[in-house]
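Could you build the full structure based on these sequences and the hints that come with them?
Protein chains: 2
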Amino acid sequence: MGDIIAALRLELGADQVLTGAEIGTRYRGDMSGTGTTLPLALIRPRAVAEIATALRLANEAGIAMVPQGGLTGLAGGANPGAGAIALSLERWSGVEEVDAQAGTMTVRAGTPLETAQEAAASAGFLLPLDLGSRGSAQVGGNVATNAGGNRVIRYGMARALVLGLEVVLADGTVLTNLNKMLKNNAGFDLKQLFIGSEGTLGIITRIVFRLRPLPRSTSTAFCAAPDYPSILELLRRAEGELGGPSAFEVMWPDFYRFVTAHPTTKSQPLPPDHGLYVLIEHQGNDAAADPERFETFLGGALEDGLIADAVIARNEKEVQDFWRVREGLALDTLPHLVNFDVSLPMGRIDDFAAACRQKLLARWPAGPESHAAFFGHIGDSNLHICVSVPYRAGEGMHDVDELVYATVRDFEGSVSAEHGIGTLKRDYLGHSRSPAEIAVMRRLKAALDPRGILNPGKVI
Amino acid sequence: MGDIIAALRLELGADQVLTGAEIGTRYRGDMSGTGTTLPLALIRPRAVAEIATALRLANEAGIAMVPQGGLTGLAGGANPGAGAIALSLERWSGVEEVDAQAGTMTVRAGTPLETAQEAAASAGFLLPLDLGSRGSAQVGGNVATNAGGNRVIRYGMARALVLGLEVVLADGTVLTNLNKMLKNNAGFDLKQLFIGSEGTLGIITRIVFRLRPLPRSTSTAFCAAPDYPSILELLRRAEGELGGPSAFEVMWPDFYRFVTAHPTTKSQPLPPDHGLYVLIEHQGNDAAADPERFETFLGGALEDGLIADAVIARNEKEVQDFWRVREGLALDTLPHLVNFDVSLPMGRIDDFAAACRQKLLARWPAGPESHAAFFGHIGDSNLHICVSVPYRAGEGMHDVDELVYATVRDFEGSVSAEHGIGTLKRDYLGHSRSPAEIAVMRRLKAALDPRGILNPGKVI
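Note that the protein sequences, when read in sequence, are chains X and S. At position 295 of the first sequence the residue is numbered 295 (the numbering used here), and the sequence of numbers has no breaks. At position 13 of the second sequence the residue is numbered 1013 (the numbering used here), and the sequence of numbers has no breaks.
Keep in mind that the hints were calculated from the coordinates and are not lab data. Here the structure is a predicted model, which is why all the values come from computation and not from measurement. C-beta: ideal position from N, C-alpha, C; glycine also. Hints are not guaranteed to be accurate.
To be verified - Chain S regions said to be covered by chain X (calculated; three or more residues, Cβ under 8 Å): (1) 1205–1214; (2) 1250–1258; (3) 1298–1306.
To be verified - Rough simulated footprint, nothing fancy, chain S against chain X, three-plus residues with beta-carbon under 8 Å: (4) 79–90; (5) 139–153; (6) 320–328; (7) 414–422; (8) 446–455.
Claimed, not checked - Sample of chain X residues facing chain S (criterion: CB under 7 Å; computed from the structure): (9) Thr173; (10) Leu178; (11) Met181; (12) Gly187; (13) Asp189; (14) Gly240; (15) Leu334; (16) Gly347; (17) Arg426; (18) Leu429; (19) Gly430; (20) Pro435; (21) Ala436; (22) Arg442.
This is the structure:
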């Protein structure tokens, strides 16, 4: 162990290699709060060549290397195990280029998402990737986890936004393909392997993002719908008539009532007695005509009974109010809250929510201490669930996990929509992927990281 | 050799295994016309289990298996080598499901693209994948080659349209993940490996496509632009003001003059003395308002000098006329025509065309027998080049290849935008991918197909 530290200090410089008390406690893990151990060492390289050197040394020594970005993950993917070296990308930061002709930007992995968004915007472009932790999440982690977020329905997951990638492999080989071309079928598209594999196959160092035009209008409405079939029809219509919403966020009444009754939320856009709620956002390119089209769309939906009521945001404050309801931060005040991020076939999401709620109630009967709140990016088949129940002796989060993930399996859903597998969902990967698939994942891992040094114990 | 044929006949039934003169000459290869040898045998399975059995047997025997779809490829990717067995997917055909709630369709690999498009349309959806050979190309081949086509600028390559995949591996393992969910981060996204790897890592048997709403309006214009910077600005504006064109097809004057002067074309939308030409198509969702918005967009571009002239198609016949010019079939009449499909950084395409033209002229001076025509899906960075020159003794297509691909390398482009590598471009893969990348491709090939039986000699 001492050898690798000494070797890293020699090659990278002593100031880049921290150990023991020099390592801040935040490097123990991500926002899931499940990281418990400090790494053997923390390195914070300032160049790709340094990252390559560090990996080569770790690979030779057979020492685990755990990449860390903004540590905003929710699946334990960046938690270092005991004896592992944490490799923070935080000093390998910055926007290298915005290419206005190609409509691309090239960004270092350690760049905070919001910094990249702002650089794109100041060049007149939209970097469509967006999520709540934009201020601290880093683009390398976003791509390594194939991050989703609020606008996937319009622009796709992180994967859909990446044109080129530079990755350092376990043995220190630097794989550079900073492609800016939309069409490129020259050989296997290797970057796809590294997107969404959570740092287990290589460490992403540079990203070429495809940029989009900045939207010229944003319309936002908060609607109430009588039932789930109406929600599905409303979505279909929004896709046909508006060319697709940029957000379509559904909230079940248990979510809506709890959040809007809580003093931190401060607004209740519609009465709490409706069947379902949906926040619809449409970003368009005709500032003059779009608001009227949006209103016409909602008027038609109201007339046909797909929605029972709707309010359109008249100013930025109301937009923020609507989103604050949807963000549901009030739920964070609940004791030992368990958050789920699953996906399900579109047609079955309401049935899933009902089945899941029923099972939870059967085990932890209704009462002031029992909460299960359902909401999500339904246009992407993505449901979030917040559960807070009064555990009896010997019970814990694991029991809620077992119950919810078993229901996901029964409904042929995915145990991870956008947060990844990390360590927290590893035991449930088999609920959504077959043994044959998991065997192929292991074959790929062995092919690219034969000594198993890259983020070991994560995903598979 | 006889053993494998006997084993296949035993397992699949004798009628499914053709040899010698029973094999039609078309199974020698794809539309590149470079396939010269009949396969050892041709099998045409009717079920995934049969495909799995055939692969298991071939793998045990170490016999090459070459998947064949509609044989419309242009890179020799489906040409069987001597001693290989051709596996035609043509009997494994049909649309299994259109799921209107999920907005997906599940299709067998041997289904012609046009059949799938029609099934989607009759359920009220658009399957956005579209290309000239839609009538005979099969969806399995489309996905295996990550096909592009005319509407990539709006909907992405085949990869962007695939949500789920079933693949048979070299050893006969069936890898089924018929995912319909837009967000699914449960483990490595294995399907990405098989998309675009041209049947070298597995044989695709089923595909889940993401469907889109049918467009409600289509506007088409043929425009002339003074120069390439104006074209780039026009594209940027179309993306901002129209929310993106559905086709943006640029033609250089050498292309336009030859094609519109040829008797088979029968129309010349604009005079032949402009700097560049572009066919712009916009598909929208507001049948009432879109035509006027399109006209306003063109009016603004005309006023600002980005275009010098434009005609808007007033009826379906004119739409067809415009597209017939763009398709440039007149070029097929030229002797020993060499077609290129390359991509280049957006900002450099015109410079590339000039450099390439100059090099061709330097070697084969201008004259009635020398033609080089440039056109392409410029919004996707994709340029096509048609070259017909009078070879001297000892010269041939190879010399044109060398010249063009060397120029692509100099401009940091890709030797294949949408047609793939197959056999024809294999020698040039290193022009666009690094030795480190090609080494990783070989590692993946060895991990998934250790005996090297799947479409050997293709891509890498």
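Cross-check of the supplied hints:
Only when three residues or more bring their CB closer than 8 Å to a CB of chain X does the claim for the region 1205–1214 of chain S stand; here the count is 3, and the claim holds. Under the rule that three or more residues need a Cβ within less than 8 Å of chain X, the assignment of the region 1250–1258 of chain S is violated, with 0 such residues. With 0 residues having a beta carbon nearer than 8 Å to a beta carbon of chain X, the region 1298–1306 of chain S misses the requirement of three or more and the stated coverage is violated. Requiring three or more residues with a Cβ within less than 8 Å of a Cβ of chain S, the coverage given for the region 79–90 of chain X is violated, as only 0 such residues are present.
Note: the region 139–153 of chain X has 5 residues with beta-carbon separation from chain S under 8 Å; the three-residue rule is met and the coverage holds. For the region 320–328 of chain X, the stated coverage by chain S is not satisfied: 0 residues place a CB nearer than 8 Å to a CB of that chain, which falls below the threshold of 3. With 8 residues bearing a CB less than 8 Å from a CB of chain S, the region 414–422 of chain X meets the requirement of three and the coverage assertion stands. With 3 residues bearing a CB less than 8 Å from a CB of chain S, the region 446–455 of chain X meets the requirement of three and the coverage assertion stands.
Interface hint status for Thr173/X: upheld, as the beta-carbon distance to the closest one in chain S is roughly 5 Å, under 7 Å. Taken as an interface hint, Leu178/X does not check out: its beta carbon lies about 9 Å from the nearest beta carbon of chain S, beyond 7 Å. Among the interface hints, the one on Met181/X holds; its C-beta lies about 4 Å from the nearest C-beta in chain S, closer than the 7 Å criterion. The interface hint given for Gly187/X holds, since its Cβ lies 5 Å from the closest Cβ of chain S, which is under the 7 Å cut-off.
The closest approach between the C-beta of Asp189/X and any C-beta of chain S is roughly 5 Å, which is under the 7 Å cut-off, so the hint is satisfied. Taking 7 Å as the C-beta contact cut-off toward chain S, the hint placing Gly240/X at the interface holds, the least distance being around 4 Å. For Leu334/X, the interface hint is violated, since its Cβ never comes within 7 Å of a Cβ in chain S; the closest pair sits about 25 Å apart. Using the Cβ-Cβ criterion of 7 Å, the hint placing Gly347/X at the interface with chain S is satisfied: the shortest such distance is roughly 3 Å.
A cut of 7 Å between beta carbons decides the hint on Arg426/X: the least distance to chain S is about 9 Å, and the hint is violated. A least Cβ separation of about 5 Å between Leu429/X and chain S falls short of the 7 Å threshold, and the interface hint therefore holds. Because the closest C-beta pair between Gly430/X and chain S is about 10 Å apart, greater than 7 Å, the hint is violated. At a threshold of 7 Å, the smallest CB-CB gap from Pro435/X to chain S is about 10 Å, leaving the interface hint violated.
With a cut of 7 Å, the hint placing Ala436/X at the interface with chain S holds, because the nearest CB-to-CB distance is about 5 Å. Violation of the interface hint for Arg442/X is found here, the shortest Cβ-Cβ separation to chain S being roughly 10 Å, above the 7 Å cut-off.
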